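Residue numbers (this note's numbering), protein chains in the order written: chain A, 1 to 572; chain B, 1 to 329.
Think of the hints as simulated: they come from the structure by calculation, not from any bench. Keep in mind it's a predicted model, so treat the numbers as computed, not measured. No residue lacks a Cβ here, since even glycine has one placed at the ideal position from N, Cα and C. Hints are supplied without guarantee of correctness; some may be wrong.
[To be verified] Below, a sample of chain A positions facing chain B; criterion: calculated Cβ distance under 8 Å:
hint, residue
1, 82
2, 95
3, 101
4, 317
5, 546
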Amino acid sequence: MTKPGQDSFLLFCKIVQVISESRGTVRKTDIFADYLSGLGNTSDIDRAVRFAGEGAFSSVSGKRASIGSRTVALCAAEFCNIDYDIVFKACRTATGSASETIEKLMDNIPEAREKRTPSALSLAQVEELFIQLEKERKRDAKQALLVRAWEQMTSTEIKYFIRVMGQGSLRIGFEAKSIINAVSKAFSSDTEAVRYAHMITGSLGEAAVLSFENRLHTATFKLFQPVAFMLASPIESRSVDHITDYIAEEKFDGMRCQIHAQGDTVMLYSRDLNEITNSFPEVVAFFKQKSLPGVVLDGELCVFTDNTIQPFQLLQKRMGVKKPSPKMTGEYPVVFIAYDILYNDDEPLFEKSLINRREILKSFCDTFGIMRSRQFEVKSREQVEDMFDRALAHGNEGLMLKHKQSTYEYGQRRKSWLKVKKPGGSIDTVIMYAHAGSGKRGGTYSDFTLGVSVSEDDRYEEEFIPIGKAYGGYTDVELKRLNKEMKKLIVDRFGPTYSLKPGIVVELEFDDIQVNKRTKAGYTLRFPRFKAIRWDLAPSDADTLMDVEQLYNKKLHDDRKPQSEHQSFIGI
Amino acid sequence: MLNYTLERNHGIILPNQNIGLDVSGDVARHVFVSHAHADHLPRDRYIHVYATQATARLMRARGFKGDVTELDFESPLELENARVTLYPAGHILGSAMVGIESDEGHTLYTGDYKTPPSPVTEGFSRPESVDYFITEATFPLPIYKWQPHEELFAEMREFAFKALKEGFTPVFLCYNLGKAQEVMHGLAPLGFTQQIHGAGYELCKIYDELGYDIGKFEPYSRDTVSDNRILITPSSSLDQPMLRNLKRKRVAYVSGWATHESRRTQLTIDKLFPLSDHIDFFELLDLCEALNPKMVYITHTPNPRVVSHYLSEKGIASRPLNMEGFDDD
Ligand SMILES: [Zn+2]
């Protein structure tokens, strides 16, 4: 049995707040473990662990509260009786967090205090609120539900209610790995078994329940239940001791996908374990027609026409479209290229080594005519460079190096999978904002918002607009000088952020340019970082938004080598 | 309208009265210094200024070499074109608001101020009403609302006591003039000796000599700091050997900015205490209403727009008084 009061949402929030204020993962883990061991039934354990690590709903449930952050913010501004554009936005800029802003306003504004009568909701009652939000489709009805929920909460509960609702981590420096440790500590289970149960079930809450009930051994893989993905780490110089321990594959410029298939049932899952089956009907049809024995494949979705892998930008047109029209699937046809096999012949294959899995994948794909990536033995570092150049010529992003003996484990497993990528390009930008840094850079301004010029651009009234935020690529000495020079340019301050006059030019390197309609520029850069601080240049030398657009279009129409020789994959 | 000019990057000049407020040098006949924080002190160390007695002492301790005419609070000084009165501002010891009465009306310049006042200051008082109110607004948003000093002091004592009991040195990161002495006053009832780093020690002696209770204190010493002492030091020392070498420590950050949770990860600290020596948003609005001025001029602020928005709802006119390069102490 759960102790009286132990199942209250307020207690959960207080524990989470203490965790956020504690330093060191061991301390955080102990606090959460201690809290969990006071919960006496499976439902509350499921809720507490899920709220802390997954969100309102299990990651694999496909359910979401589906309420945008802007709707939440507008609703909070109205609740607090303040002007959204003038007051709320300024507060959010100062704190850098909408949920923290709302917590403070709920505390400070008399009207917002008067509207609320905290009523010690239980975890179960809060879950019920999430379920109601999920079921409700209309925005104003969702807002009414939010208001009714907040009326019963303290400001801290409101803050975490909003964060849990947003799905994913609570952003308190307490991530899945620590939660797994806390679960295993609370219920005296083997950490490795909890971790495995999490990978298999895709749900932290579920893993915690199995741990509590001493049933971790029953966590077995089931078809049509996605498995958390294994991820690659960026390669760092000298991080590889024996290059010949690895095999190489070209890194496709596509979208990661897990396919579960058996007979005419086929399901597709994205990297965050969402089901995306309906978005790619041509892929589903392809696999249905093969009538496969039960199998799980890990691989990449790519737009493929004219015997050529097409740029990611074209695939983007398909992403998020729930039911694409025949015109769309005709124009941007998508294929699935397999590179790993996780289940076959009623047997999970995670624990087998990569070369072992690879043998199974090869014979499976060749039997059924499924595309699979080509693998190359690595004999020397020089050879890696040749393969890398060929991958780029194919329009791919670079190379993947995979350790031959590695098992399939979710998350980033040190040096098991490594990615080798090439910068997409660089542009000259000006620093628009400086943000106080975190971690070892605390106290200095180490994060920067960079802008491109639009002064000659009729679509904008500003001189510069933001194009990206970067926080690395400079030396300590350069950072010191930046901080000094920046002081002369300060025009405004919002909490930990300074607004600066254009004065410092930075050559910004990035991996890729993407269309993003929600930003002012209409484009975002992938992984922007400092290449050089151009003290020799003036703001008038900065590149313009038009330049960015040109780069984007060039990338889109760059020649790509077709797959007629030196193929990236087999089985077209 | 108030007749004023801004001195680049620093203070305000009232040309018709020939008065300079927190200006950097000899730019007006009568220069007033509101308090001894660096961003309000004249850069020219040899000019003649008016200030309170405590401010004069603190200024000299911080290297000011010029001539100071010391003024008492609330005893008017008659100048050729104005009558000037200093009011206790509650910000740090000696801090004063400057009231200027002339045939152009009654102007109140706040410098930095805090009401309810910090307990280690001369308190807070003000004229009934004014025509022009020149106010700082360091914390100009409704997310800023301060807890009472006593509540925060109690939490700080608990933090320090628990750390000491568990064998850790409690470290309070705070600005060394004003905030440091406020923290020491709050911790004094614990009875432990507090060590203060560097220049802060000389400033503490002035507080002590003027009769403010800041507990037992001594200069920082590497040999004894782990010996049941509390360490008071500016946050800039976080990366310096003094703190790096102190292995068993619990670190608290004391500042109005500590209200931002992001400060926790930015500074790698154990505890945030949002103790401010500036007025909060709500107190500022109340005060503007009570003074009922014809115009509020907002200075030293990251964002005057929100304050103006609320003042206009109360029917009070306001405008930003633009100054560049402000600091937050
Ligand atoms: Zn000050």
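Should the interface hint for residue 317 of chain A be scored as holding, given a Cβ-Cβ cut-off of 8 Å against chain B?
violated, 36 Å
Go through the hint on residue 95 of chain A and say holds or violated, using the shortest Cβ distance to chain B against 8 Å.
Since the shortest Cβ distance to chain B is 6 Å, the answer is holds.
With a cut-off of 8 Å, does the beta carbon of residue 101 of chain A approach a beta carbon of chain B closely enough for the hint to hold?
holds, 6 Å
Interface hint compliance - residue 82 of chain A to chain B, C-beta minimum distance less than 8 Å
Cβ of residue 82 of chain A sits 7 Å from chain B, so the hint holds.
Take the shortest C-beta to C-beta distance between residue 546 of chain A and chain B; is it under 8 Å?
Status violated, d = 32 Å.
Checked against the numbered hints above, the structure breaks hints 4 and 5 and satisfies the rest.
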